[in-house]
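Participant: Residue numbers (my numbering), protein chains in the order written: chain A, 1 to 320; chain B, 1 to 320.
Any given hint could turn out to be false.
[To be verified] Under the rule of at most 20 Å between Cα atoms (straight-line distance), these lysine to aspartate or glutamate pairs were calculated in the EDC-like manner:
| id | chain 1 | residue 1 | chain 2 | residue 2 |
| --- | --- | --- | --- | --- |
| 1 | A | K259 | B | E186 |
| 2 | A | K185 | B | E211 |
| 3 | B | K184 | B | E127 |
| 4 | A | K174 | B | E215 |
| 5 | A | K159 | B | E211 |
| 6 | B | K159 | B | D97 |
| 7 | B | K163 | A | E179 |
| 8 | A | K259 | B | E94 |
Please keep in mind that the hints were generated in silico from the structure rather than gathered at the bench.
Since the model is a prediction, treat every value here as computed from it, not as a measurement.
Protein chains: 2
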Amino acid sequence: MYPDPASVRRVTTIGAGPIGGGWAAHFLARGYDVTAYVHAMTERPALMDIIETAWVSLTALGLAPGASMERLTVTDDLATAVSAAEFIQESAPERLDIKQALYERLGRLAPRACVIGSSTSGLMMTEIQALCSTPERTVIAHPFNPPYLLPLVEIVGGKKTEKAAVDWAAAFFKVAGKEPLVMKKEIPGFVATRLQEALWREALHMVANGEATPEDIDIALMNGPAPRMAVQGQCMAFHVACGEGGMATNLDQFGPALKWPWTRLEAPELTQELRDRMVDGCNEIAAGRHFIEMASTRDHEIVAVLNAIRAVRRVRGSDG
Amino acid sequence: MYPDPASVRRVTTIGAGPIGGGWAAHFLARGYDVTAYVHAMTERPALMDIIETAWVSLTALGLAPGASMERLTVTDDLATAVSAAEFIQESAPERLDIKQALYERLGRLAPRACVIGSSTSGLMMTEIQALCSTPERTVIAHPFNPPYLLPLVEIVGGKKTEKAAVDWAAAFFKVAGKEPLVMKKEIPGFVATRLQEALWREALHMVANGEATPEDIDIALMNGPAPRMAVQGQCMAFHVACGEGGMATNLDQFGPALKWPWTRLEAPELTQELRDRMVDGCNEIAAGRHFIEMASTRDHEIVAVLNAIRAVRRVRGSDG
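Excised from the complex, chain A in its bound form:
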C-alpha cells in the first residue's frame, strides 16, 4: 500500500524552526520537491535563513543531481501543503496539545499512503497519535541537531502504528540519505538522547560540585572520547581495546569497575544474560574481523577526523 520508497519525489515539512527548516534543507539537497508548511507566512524569512545557512554545508557535503532550493514551496495552508505529499516530516512545537490537534488534521488531510514522521524528542507517538483518525502511518522520526548534517534518524511507532509504516520509514530514510535506527521499544529519549542525557546530567553534577567547569567538560569531550566515537561506537571501542578477548575480557576484567563511583549513574547488574548480549552483539558487529584490523581501521579514521578538524581550523585561523 505504501509507495516504493525510491519513487518518492514530493516531501512536505512542517515547522519553520531550526529542526523544520533543517529538514526542508536536507530533503531539497537530496533532490526532492519540498513543500514547507509554516504556521504563518510571516515565518517565511526565518525559514529561508535556516535553509540558506544549511545549504552552504549541504553543498559542501555534495548535492544530489537536480537538487535545488528552487524546488521549495512555502505555504501556510495545511491542506495544500499535504494534499500531494508522499512523506511528511513534522517539526511543530514540542507541546502535546499542539501535536495532537495537528495530527487530528493531518489524519484527515494527508493521503492515506503517506507516512508521517515526527521530529519530537520528548513526546511519545502513542500520545501524539491519540486524536488521529489514521494513526497507523504515524511514526517518530527523530533527528539529531543539526538535522541537515547528522545522519541519525531514530524511528519507532506508537501503539496504533503499523509495522509496515515503520519499515517503510526506515527504507525511505535510507534512500533519502539518512542513517535510520529502528528502535526496539517506544522509550522516553529514544536511544541517542538517552546516551547524551546521561553524559549531560553527569556533566551537570560535576559543574554543580565544582569538579569541572563547562569549559572543562567540553575540552574533555572534544579531545577525549568524541573523535573516536565519531568512527567507532562505545561498544566496539571497548571490544577492540581489549584485544583478543574483546568485550568478554572487558566485562570480566572491568566488570567490578561498574560498581565504582566513576559516575553517579548506577550500572545494571552484570548478569550472564547481559554479558552474553554485549559479547554476542559485539561479535556480530565485528563480523569476523580481527581486532588488529579493526584497531587499524579505527586509527586510520581517527587520523582522518583529527586532520580534517585541524585543516579546517587552520584555514579559518581559529583554534575553535
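Position chain B against the provided structure of chain A, taking the given hints into account.
Facilitator: Frame of chain A, contents of chain B only:
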C-alpha cells in the same frame, strides 16, 4: 626547580602494554629521546609492535622535525631507565600494590626535578604516592585510548603533590602536543571517563532491558552526537542550539526535562548557582562570538569530519 618544559629532550615511559607503548610512540613522534622501561626484555617485541602500529598513524598526523623510532631505547633496568629522565610517564598495571611499590622505587631513583605522570584511569594519586619519598612531583596524567591519537591528558595531583608539579605537567604536555586538562579536584574517573561511563552505564541498562542492541548503541553514537561532539562539546552544543538566549534559554526551557526519565541518571537540582555556573561558563567559552558565527563554525567543522570519514571509507572500500 623544574626545568623549562620546552627544554625537555628525554622522556622515560614505563609499561609495555597498549597505553605504555602508545605513550612511547607519541613522545618519539614529537621528537623526544625515549627510554622505555619494560618489566622484562621478553616484552620488547610486543612493545615494538604497538609502537610500529602507532607510527603509521603518527606519520599521517605529521611527525616533529627529527622524530625517529631510532631514538628509542628499551631497558628492563629501572635505575638506568630513569636516571637521566626529564619526564616519566608511568603506565604500569592497574593494581595499587604494584603502583605503590613502583613509586617507592621511582621516588628514590628518578631525579628530584623530574615530574612523574601516571596513566592510571582508576586509582587516585593520593593512594599511589603513599610509599613514595618524593611525592611532591607525582601527578595523574591520564590519556584516552589510543593515547597516541586522542589529545586529552587529564592532570591532577594527590594530597602530597605540589602545585608547581601540576602546573609543570600541564605546560609540558602542551609543548609535547597534547591537550592538558587540569582538574579542579581528585575525583574517581576524572572528567572524561566519568562522562563516558555515564553514557556507558545507560547503554548497559538499555541492552539489559532489550531497548537497544550493542549495534544500535554504536550506530546512534556514530551518527548522532559524536560527529558534533568532536568539534563542539555538549555545553556549547546546547548553548549554540538555543540561539540568542544560549545556555540560559536551554536551562529555563529544558530545565523541566531534567526531571524526565530520559536516562536512569537523576539530574542534580537546577539551583540558581548551577544555572549561573553553566551560563557564565558558556559565555566565557563563547568569548563574545555570536551564536550564528558559532553555528556556522560548528557546521563547517562537522562537514569536514563527515567528509573525512566518508573519504577514508571510500578508499578502504568499507562502510565501517
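Participant: Hint by hint, note whether the structure agrees.
Facilitator: To see whether the hints hold, each was checked on the structure:
The hinted pair formed by A:K259 and B:E186 meets the criterion: a straight-line CA distance of about 19 Å does not exceed 20 Å. Restraint check for A:K185 and B:E211: the C-alpha separation of about 6 Å stays at or below 20 Å, so the hint holds. Distance restraint check for B:K184 and B:E127: the Cα-Cα separation of roughly 18 Å lies within the 20 Å cut-off, and the hinted pair is therefore satisfied. A C-alpha spacing of about 17 Å is found between A:K174 and B:E215, which places the hinted pair at or below 20 Å, so the restraint holds.
Taken as a hint, the A:K159 and B:E211 pair is honoured in the structure, with Cα atoms around 16 Å apart against an allowance of 20 Å. Restraint check for B:K159 and B:D97: satisfied, since their Cα atoms lie roughly 18 Å apart, inside the 20 Å limit. With a C-alpha separation of about 48 Å, the suggested pair B:K163 and A:E179 falls outside the 20 Å cut-off, and the hint is violated. Simply put, A:K259 and B:E94 have alpha-carbon atoms about 16 Å apart, close enough for the 20 Å limit, and the pair holds.
In terms of the numbered hints stated before, the structure departs from hint 7 and from no other.
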